[in-house]
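S.K.: Go by the hints and put chain B onto chain A.
For the protein sequence lines, the chains are A and B, in the order given.
Using the numbering used here, you'd call the opening residue of the first sequence number 725 and step up by one each time.
Using the numbering used here, you'd call the opening residue of the second sequence number 5 and step up by one each time.
Any given hint might turn out to be false.
[To be verified] Computed cross-link-like contacts, BS3-like style, restricted to lysine-lysine with a CA-CA straight-line distance of at most 30 Å: (1) B:K436 <-> A:K804; (2) A:K750 <-> B:K260; (3) B:K36 <-> A:K778; (4) B:K176 <-> B:K282; (5) A:K805 <-> B:K39; (6) B:K174 <-> B:K250; (7) A:K750 <-> B:K228; (8) B:K282 <-> B:K213; (9) B:K329 <-> A:K778; (10) B:K260 <-> A:K778; (11) A:K778 <-> B:K213; (12) B:K174 <-> B:K9; (13) A:K804 <-> B:K213; (14) B:K326 <-> A:K750; (15) A:K750 <-> B:K176; (16) B:K36 <-> A:K804; (17) B:K443 <-> A:K805; (18) A:K778 <-> B:K176; (19) A:K750 <-> B:K174; (20) A:K750 <-> B:K230; (21) B:K174 <-> B:K227; (22) A:K778 <-> B:K326; (23) B:K17 <-> B:K39.
None of these hints come from the bench; they were simulated from the model.
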Amino acid sequence: MLQNRTTDLNEEIVEILSRITRIDLKGITYATLILEELGIDSLMAIEILARVEKQFDIIIEESILAEVNTVGDFVQTIEKKINMEN
Amino acid sequence: MSKKKHICLISPKRTIWAKTDQIRKVLEERTKLLKPWYSPSLSILTIIGLTPSDIEITYIDEDFEEIDFNIQYDIVGISAMTQQVTRGYEIAKEFRKRGSYVVIGGIHASVLPDEALEWVDTVIIGEAENLWPKFLADFRNNRERKIYQQPQGTFVDLSKSPIPGYDLLKNKNYFKDPKYFYNLIPIQVSRGCPHNCEFCLVTKCYGSKFRKKTIEQVTLEIKKIKECFPGKTIMFADDNLLIDRKYAKELLTALKELQIRWVAQSDISIGEHEDLLKLAYESGGLFLLIGFESINPENLKMINKNSWKYRQLANYSSNIEKIQKNGIIVFGSFIFGLDNDDNNVFNDVVEFMNKNNITGQLTISTPLPGSKLLERLKKEERLIEQEPFWDKCTFFDVLYKPQKMTVDELEKGFIWAYKQLFNENSFSERAKYLKAMYKNIQ
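Extracted from the complex, chain A is given alone in its bound form (with noise of 0.2 Å):
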């Protein structure tokens, strides 16, 4: 199970994320790598990236998962970012 989930937007952010790799919710942690655990390579990344962007109707560089190395870290970029743009 998730851990540390705080929020909604952050189970919405993880329900694109399985939705997309078709990875089981229970089967994805914070600490869930993104790339060696969930497949997720810059091909898949960009389908995540436009779900996450049409969803909370933001913009993403697409260089943003370069940055991230777990489920954890991609949650809190994408919520900063949707912060920011609010």
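M.R.: Same frame as chain A, but now just chain B:
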């Protein structure tokens, strides 16, 4: 009771990118945007699946693990593509010196069995499903033969092919290296191709008829992959996964239930089948690798006898658009150095890829042993290396004189094209397009 037999199955080290320093350097500099694909050898996994459980098996992928030549195996089995085979022969020599029995398989050894027999004890020619069990039975009875081969013109019934031995890789350390690791898990559901292209050996080795596994078999194999490697993207190693439209529909429908992401090879005519493309996306399809090979009509006319590739050219762009519109990324494959390529080819292909928002791979025309291309080039005295040049068959090295440019121009143009297509700006442009594509899908 006799001692349990021990087999070591080895995939020899391969060259990532090119042997030529200047080409390799440019490609390596782009590893952030251009990751090599790493996947286990499906040939070896199939051999594992065919090996009885009373035999102990060790699997070594030399890209990740060093071979300990001091271990005494009863049998060493090597599977090698052409570019790996020189290393494969070195490995064979070392193990034979120490008394192990060495057997080799794979397309290279299948087309050049006499060469292989200078290095190994036995060659398995062609598909292993019927031959490997025969070899093992003969080995146990000390009556092994030098060559095992399917009767001429016959091919394996894939519905009898075993589940590849994915289990054996579960505990390997090949998935954890932060730099390189197996990023794709292979599965093959069909063999055979009707197109018989000049540079390719698939029709020669697997026949022109499309043979396939049953949907039940494929489902079981995918369930096994999911159990062994949860979360890994599955790579269909088929040469053209969707060529039999009826089978493709059944397969994709079954995949929908399995919750996977997958990639595969197909041809551009799939763009005319939007029902299949919709199913492909819904079933987890990420990208289709499509062999465009060239956008020069004269090149395409030469590639295969019936000019099938040439007849698709007029629809390249419209079919790409239809594939993308349905949520599947087009991963195009292009060959440089074909006989009608001149200095304009590099710019033409870069423009085509940018205009159609596709990513992909660029390769250099490679005369593989056993191909019609190699025979023609020998007659035309255009090879720039004496055979055997097998370690240079990387698809990123120039091995023969192009017709309408120099070797230097081909190498420089190839590097230029990679620089144009794989940089932060071009990646960002493609990503914008693909994001818009995904946003339009419900």
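S.K.: Which hint numbers doesn't this structure obey?
M.R.: The structure breaks hints 4, 6, 11, 13, 14, 18; every other hint is satisfied.
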